[in-house]
Amino acid sequence: MAENNNIGFWQKLINIDRRWIYLAIGIIVFVPILIPLGLPVYVTSEVEAVFNRVDSLPPGSIVMLPMEYDPATMAELQPMAYAILRHCFSKNLKVITTALQIDGVTIIRNDLAKIAAEYNKKIGEDYVFLGYKPYPGIVILNMGEDFRKPFPRDYYGTPLDSLPMMKGVRNYSNCAMIIDINATSGVDYWINYAHTRYQADLAIGVTAVMATDYYAFLSSKQIFGLIGGLKGAAEYEKLINHPDFAAKAMDVQSIAHSAIVIFIIIGNVAYFASRGKKRE
Amino acid sequence: MRREIPLLIVFVFGIFMMFQYFVPHRVSSDIYQELNNWTIIIGIFTMVIGIGSLLSVHYSRIRFKEDGWWYSIVTIVAMVGMALVGLIGGVNNDLFLNLYRFGLAPVTSTMFALLAFFIASAAYRAFRARTVLSTLLLLAAVVVMLGRVPVGEFLTNGLPEPLRLSKISEFLLYVPNTAAKRAIYIGVGLGVAAVSLKIILGIERTWLGGDGGK
Amino acid sequence: MVDQATLANVFWFTLAAYLTLSIFSFLYKDNPFYRLAEHLIVGLSAGYWIAILWHTSLKDLWLYPLVDNSVALFSGDFRAVEIWRLSLNVIPGVLGLFMFLRFFPKIGWLSRWPIAFYLAISAGVSLPLYLQSFTVEQMRASMIPLTGNPWEIFCNLIVIAGTICGLAYFYFSMEHKGLVGGMAKFGVWVLMIGFGSTFGYTVMSRISLLIGRFRFLIDWCTLVVNYFK
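Residue numbers (this note's numbering), protein chains in the order written: chain A, 1 to 280; chain B, 1001 to 1214; chain C, 2001 to 2229.
Note that these hints are calculated values from the structure, not bench results. It is possible that part of the hints are untrue.
Far from chain C by the CB rule (all over 10 angstroms, computed), these chain B residues [unchecked claim]:
1. R1026
2. S1028
3. S1060
4. K1065
5. G1103
6. L1159
7. P1160
8. R1164
9. A1193
In silico lysine-lysine, DSSO-like type, Cα no more than 27 angstroms apart, as pairs [unchecked claim]:
10. K1167(B) to K221(A)
11. K167(A) to K2059(C)
12. K2059(C) to K122(A)
The C-beta atom is built at its ideal place from N, Cα and C for all residues, glycine as well.
Turn these sequences into a full structure, and let the hints guide you.
As structure tokens, this is what we get:
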């Protein structure tokens, strides 16, 4: 009992029940969703590079847009996929999509259909959804030879040769570029196999957790652009002048990050103060 | 037989796939594509085995009435139900799509959303500037955390450009971070090559079983 | 494509909200709602895999070609080319089925054949490509000319020195003393900055996911309110 009384304020602060921190972070994230601040989003060069390359394509060019995310990472990558699809469809570019992550196949199907409907784009003519096959690395290698080898039919069961958009389209060499939106380490396969083996022009959109790993590939020019997490999606939304979920979420993100920095500062102050007390 | 044939398979096909990269001939390319498709087909069967293992684990939990056994009934009923809806009605029927969108998706995404709470708690409790190294880690984290979102630009807008958090975080990502990750990737590349070679040459045999398949 | 405030949508959204809140309840402590949702999802996920694998992969790549080639073979003159095509379909299927022999101890060793095949393909493909992409390309990118303005030269120097010293830190065949020790020390500083940057981005990632779930709960409330209006 006496020992407990000796625990100082700082020690108590360090040992605070973790559920108070959970509650604080919950409130910090929830409230700003309801009260937007409208902080401006600045655009980074790595995202602008992707936008510029897509923007410079002539209508009718084919963009390959593999979308490999699932419900777990949907909040980060879905806005990115929406923004790039909107950009492609508004420029009348054609899109080939795969979903090489099994848990996300249905999301990708729905997302593609949703944005295509916004622009009155038709399946098989303006876009193709190849769907899923296991072992992404091997599938990527085989697509480099011929899309028909791993995907004799599209997701809806139509033979690829029956799709008007796929006439004369054999492999990556018929695509102007690949923008891989990926929440898994499968992005390495796209770099190592699609780019290194088949010299495909590649950009990537990844979760924020993964983003820092790929700056090395950006500076080695193995990828020409990098869209990282929800912030990257917000930048792309700004570039296409279509603010949506990501742009709105940047206020919340700013406040939450600031709060976590404050948590770190309080935690450190409490730690050093209590350590000083112990020494005394 | 038990060890020699698998080792021979690994050697023959491994050497072929390795040298195929340097032989862009049509015949070699055709064989390469066929072998790749075989791998995908075998992959489908391995995934089915994974599902079978899951089923057997939950079945034995129910059979021996282990703690929380009735949760296993939920798992099996959900699995069989979802599979039947998909197998019979196809993967584009409304019920299948709704079970996915309103059943599977919210739980999976919320599971991962919990990590936001845990990372905030970890930042508060464990992120200490105890040593030079941990201070470097902490400072880089704080600069990137603030510098990559609008608040960083907002807070340091009045400062000269090189001192703005957005610019400092850009420097950290493009310079020291690139160097760090590059060192790791060079090592990973060498590691993958070495392990692949050991597997192809039969030096690495742990995959045959704990005792190397004896 | 905004979801209409219909009774069906209210039902589905409410189910999703219930499951969401069940998972969030784990933050307070482990409880039956959480465990129920957790087990439900394992089952739904496995069932989903079965359906997707069947419809998008097994039928497409194995069953249809197998049936087509069998029909062609048995309705024709048993030509060599058709026998060849059919055997190309049969072999991976047989190898795949060998995987199931793991459950029969006496012939379980046959399951090593498909594993060996998979390892061979993966290792054979990875060896030249990982070496080229991760090692050669990254080394090439580190050989940068020290030209431009002083700031660019400084940045390039840090990249070159950071990469070499980072590698020195992972080089365990020499004791980290003297020059190597100094390089390893600088290397670990650079690595820590890299990891710190990753932590900063990880926070961004996790918060994004939470925003996504809260956004959904707000959408659910809006839908229910609109329905009862």
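Can we confirm that no CB of chain C comes within 10 angstroms of the CB of R1164(B)?
holds (15 angstroms)
Taking 10 angstroms as the cut and beta carbons as the points, is A1193(B) off the interface with chain C?
violated (4 angstroms)
Distance rule for L1159(B), whose beta carbon must clear each one in chain C by more than 10 angstroms
holds (17 angstroms)
Taking 27 angstroms as the top limit, are the C-alpha atoms of K1167(B) and K221(A) close enough?
Holds - the C-alpha atoms of K221(A) and K1167(B) are around 21 angstroms apart, at most 27 angstroms.
Minimum Cβ-Cβ distance from K1065(B) to chain C exceeds 10 angstroms:
holds (16 angstroms)
Test the statement that P1160(B) is away from the interface with chain C: the closest C-beta pair must be farther apart than 10 angstroms.
Label holds. Min Cβ-Cβ 14 angstroms, cutoff 10 angstroms.
Run the C-beta distances from G1103(B) to all of chain C and say if the shortest one exceeds 10 angstroms.
violated (5 angstroms)
Using Cβ atoms and 10 angstroms as the threshold, tell me whether S1028(B) really stays out of contact range of chain C.
At roughly 12 angstroms from the nearest Cβ of chain C, S1028(B) sits farther out than 10 angstroms, so the non-interface label holds.
Hint consistency between K167(A) and K2059(C) [alpha-carbon to alpha-carbon, up to 27 angstroms]:
holds (24 angstroms)
Does the alpha-carbon distance linking K2059(C) and K122(A) stay inside the 27 angstroms limit?
Answer holds: K2059(C) to K122(A) is near 26 angstroms, not above 27 angstroms.
With 10 angstroms as the threshold, tell me whether S1060(B) passes as away from chain C on beta-carbon distances.
holds (14 angstroms)
Beyond 10 angstroms from chain C, beta-carbon-wise, is R1026(B)?
holds (17 angstroms)
Hints 5 and 9 from the earlier list are contradicted by this structure; the remaining hints agree with it.
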